[in-house]
Amino acid sequence: MAKIVPPRFNEGWGTWHAKIYGADDDVMISGANLNESYFTNRQDRYLYFSNQPTLSQYCFDFLRTVSGFSYQLLPSPDAKADLGPHTLRKKMAENAFSEFQQSYRQRNERKLLTEGSREDNQVMLFPVIQAGQFNVREEEHAMDILFKHANEQKENGQRPLIDFTSGYFGLYERYQDLVLRCRNVDVRIVAASPKANGFYGSKGVSGRIPEGYTLFEQRFMKAVARAGRLWKEGSGVQLREWFKEGWTYHAKGLWLSPNSSSHPILTLFGSTNLNSRSSHIDTELSFVMVLPPTQATEPAEKDKETADGVTALRAQLADEVSNIREHAQEWKGDQRKVRLGTKLLVALVGKML
Numbered sequence: 000m001a002k003i004v005p006p007r008f009n010e011g012w013g014t015w016h017a018k019i020y021g022a023d024d025d026v027m028i029s030g031a032n033l034n035e036s037y038f039t040n041r042q043d044r045y046l047y048f049s050n051q052p053t054l055s056q057y058c059f060d061f062l063r064t065v066s067g068f069s070y071q072l073l074p075s076p077d078a079k080a081d082l083g084p085h086t087l088r089k090k091m092a093e094n095a096f097s098e099f100q101q102s103y104r105q106r107n108e109r110k111l112l113t114e115g116s117r118e119d120n121q122v123m124l125f126p127v128i129q130a131g132q133f134n135v136r137e138e139e140h141a142m143d144i145l146f147k148h149a150n151e152q153k154e155n156g157q158r159p160l161i162d163f164t165s166g167y168f169g170l171y172e173r174y175q176d177l178v179l180r181c182r183n184v185d186v187r188i189v190a191a192s193p194k195a196n197g198f199y200g201s202k203g204v205s206g207r208i209p210e211g212y213t214l215f216e217q218r219f220m221k222a223v224a225r226a227g228r229l230w231k232e233g234s235g236v237q238l239r240e241w242f243k244e245g246w247t248y249h250a251k252g253l254w255l256s257p258n259s260s261s262h263p264i265l266t267l268f269g270s271t272n273l274n275s276r277s278s279h280i281d282t283e284l285s286f287v288m289v290l291p292p293t294q295a296t297e298p299a300e301k302d303k304e305t306a307d308g309v310t311a312l313r314a315q316l317a318d319e320v321s322n323i324r325e326h327a328q329e330w331k332g333d334q335r336k337v338r339l340g341t342k343l344l345v346a347l348v349g350k351m352l
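Mapping the sequence shown onto numbering that gives the first Met the number 0, position 130 (from 1) lands on 129, and the numbers just tick up by one.
Quick caveat, the hints were computed from the structure, so don't treat them as lab data.
Please note: incorrect hints may appear among the correct ones.
Claimed, not checked - What follows is a list of derived Cβ distance ranges for each label pair: (1) E151 - G200: 38 to 48 Å; (2) E35 - E108: 36 to 46 Å; (3) G200 - Q152: 37 to 47 Å; (4) E35 - E172: 42 to 52 Å.
A virtual CB, placed ideally from N, CA and C, is assigned to each residue, including glycine.
Using the sequences plus the hints, can you model the full thing?
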């Protein structure tokens, strides 16, 4: 296929999509590539962790694990010729990811047993690998657990709220099903408007990609309507589109709040776009951050600094959502016409978008 398909479209069969930036014990996790637009007019998310040796070591070991089945700049002296430069070592990658994650889980479990259980006011961070073509699907399991747990939390008329966002909104069918079935959870979604899509105005076939995402959105909202989940009086499923003059949109992730008036207690961040491509084709690294809810009673003096830090972090996550939604307008995709050629293109390569 590499001989037939132009290099520009090679990534349609999968790409390394994780983004990790680190130095010493400092790490930044983002969905951003380091090209010029991210420093000027492209919106994304950036979470910076200072003085976190465990996280830093995890990210380093993750990259080292991936390098074991990646191309090397210099060939090994005892290297054997493969059938071609694009030979996939699927089983090798699957085993490497599984063994890597298992080793970290066991190590942390032993640490908890040795040092005692964690305190209730600690922030927890869980790495999530999704590499569908290597049969590694941790993100899917995490999303199942998240939605099912949130759906069971309705108390005193308070409904959990999940905020979704993706610059390339073609929500994976399994996640669509969770959104539609979990009727006790309200969901607000922000997607890139066609003009904020990074492919807007591109020449050739790629210029139709924004229109293809409009088709995905139309289908999704029809499913929402059929399920009786359309947003009404602050409840249901809402889709809005992000637009800022001269900017493109690349942010992705989700935030979970106990109710619409509370700050988030959980966020998922990293490289995943939460679409079919991220689930099946690309290799993604994301993280789930879980924050303790606000304590009903005043914390002890020794815990006050930590509690204040958690409160501030939850407020920052709420600000992040607000800043994104500030440029989110009413979704108008139902008014847009999708050409027949684009529908045929989506039918052929829809799972690659």
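Requested in this report: State the violated hints by number, sorted upward, taking the hints as numbered earlier in the document.
Outcome: 4
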